[in-house]
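Those protein sequences? They're chains A and B, same order as listed. Under this note's numbering, the residue at position 98 of the first sequence is numbered 98, and the numbers go up by one with no gaps. Under this note's numbering, the residue at position 94 of the second sequence is numbered 1094, and the numbers go up by one with no gaps.
Keep in mind that the hints were calculated from the coordinates and are not lab data. The beta-carbon is built from N, C-alpha and C at its ideal position, and this holds for glycine as well. Among the clues, some could well be false.
Derived pair list, reagent style DSS-like, types lysine-lysine, alpha-carbon separation capped at 27 angstroms [to be verified]: (1) A:LYS56 x B:LYS1053; (2) A:LYS70 x B:LYS1053; (3) B:LYS1022 x A:LYS36; (4) A:LYS70 x B:LYS1040; (5) B:LYS1009 x A:LYS36; (6) A:LYS70 x B:LYS1038; (7) B:LYS1009 x B:LYS1053; (8) B:LYS1041 x A:LYS36; (9) A:LYS36 x B:LYS1038; (10) B:LYS1018 x A:LYS36; (11) B:LYS1009 x A:LYS57; (12) A:LYS99 x B:LYS1040; (13) A:LYS36 x B:LYS1040.
Footprint (simulated), chain A over chain B, 3 or more residues, beta carbon under 8 angstroms [stated by the list, open to error]: (14) 1038-1051; (15) 1061-1074.
Here is what each chain is made of, one letter per residue.
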Amino acid sequence: GQQVMQIPQYQHVQEGEDFTTYCNSSTTLSNIQWYKQRPGGHPVFLIQLVKSGEVKKQKRLTFQFGEAKKNSSLHITATQTTDVGTYFCAGLKGDSSYKLIFGSGTRLLVRP
Amino acid sequence: DTEVTQTPKHLVMGMTNKKSLKCEQHMGHRAMYWYKQKAKKPPELMFVYSYEKLSINESVPSRFSPECPNSSLLNLHLHALQPEDSALYLCASSQVRGPGRIADRPGELFFGEGSRLTVL
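Let the sequences and hints guide you as you build the complete structure.
This is how it looks when you write it as structure tokens:
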């Protein structure tokens, strides 16, 4: 079945350092969504990417969708302690489906 | 604050009990979802309702029984659960752009805070 993998599994950074998580799918995705889940919280939507090669920015966060629509990345510039949490990508397959498959997640820890 | 409300927040039940988890949204979303999340794992899709009809069942054991009484409510009935079913159960809802193969895509998912279930 479809798998969506993320690397790294964990990242521990010093506040102010940059952070990147990568998402890779075994199949082509029609779109990709990114969510953040704080410790003890629930997933919160960050962004959706639809077009091949699309790049979107939200303040210090930059999201990219690969040309082949099989991979994506999230880059955070100058991390802050408020960035702590687990970042999940979630992919929707190319056919008509509500089957949003979550990636394995990257847990970000930020040292103050 | 989330616009998807789940009750109860915590539930402890024995393996012979029958209980229900409830989810409510008033955003006019016509797709509603149940996800199961174990500690340090991603959410796993269980069921999807689209326009109040079950559209996806991810081979979930029959001891979990979903119900969508109307477009705002989603229930998950639990019976004869096992200890390994202990997890955070997340409800979510999303807009859909309308019927049709191309347009029928979910938008962003709005998650509730979850119901943390412990099965003894």
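Cross-check of the supplied hints:
Distance restraint check for LYS56 of chain A and LYS1053 of chain B: the Cα-Cα separation of roughly 34 angstroms exceeds the 27 angstroms cut-off, and the hinted pair is therefore not satisfied. Of the pairs offered as hints, the one joining LYS70 of chain A and LYS1053 of chain B is violated, with about 30 angstroms between alpha carbons and a cut-off of 27 angstroms exceeded. In summary, the hint linking LYS1022 of chain B to LYS36 of chain A is supported, as the alpha carbons are separated by about 24 angstroms, within the 27 angstroms threshold. Proposed proximity of LYS70 of chain A and LYS1040 of chain B is supported: the alpha carbons are some 24 angstroms apart, at most 27 angstroms.
A hinted pair counts as satisfied when its Cα atoms are at most 27 angstroms apart, and LYS1009 of chain B with LYS36 of chain A qualifies at roughly 20 angstroms. Restraint check: the Cα-Cα separation between LYS70 of chain A and LYS1038 of chain B comes to about 26 angstroms, which is no more than 27 angstroms; the hinted pair holds. For the given pair, LYS1009 of chain B sits about 26 angstroms from LYS1053 of chain B by alpha-carbon distance, which is consistent with the 27 angstroms threshold. Pair hint LYS1041 of chain B plus LYS36 of chain A holds up; C-alpha atoms about 13 angstroms apart against a cutoff of 27 angstroms.
Only pairs whose Cα atoms come within 27 angstroms are accepted, and LYS36 of chain A paired with LYS1038 of chain B is accepted, the gap being roughly 16 angstroms. Restraint check for LYS1018 of chain B and LYS36 of chain A: the C-alpha separation of about 33 angstroms exceeds 27 angstroms, so the hint is violated. Restraint check for LYS1009 of chain B and LYS57 of chain A: not satisfied, since their Cα atoms lie roughly 34 angstroms apart, outside the 27 angstroms limit. The straight-line distance between the Cα atoms of LYS99 of chain A and LYS1040 of chain B is roughly 21 angstroms, inside the 27 angstroms bound, and the hint therefore holds.
Between LYS36 of chain A and LYS1040 of chain B, the direct Cα distance comes to roughly 13 angstroms. Compliance with the 27 angstroms bound is thereby established for this hinted pair. Beta-carbon proximity to chain A at under 8 angstroms applies to 8 residues in the segment 1038-1051 of chain B; the threshold of 3 is reached and the given coverage holds. Given as covered by chain A, the segment 1061-1074 of chain B fails the check, having 0 residues with a CB less than 8 angstroms from a CB of that chain where 3 are the minimum.
This entry does not satisfy hints 1, 2, 10, 11 and 15, going by the numbered hints stated previously.
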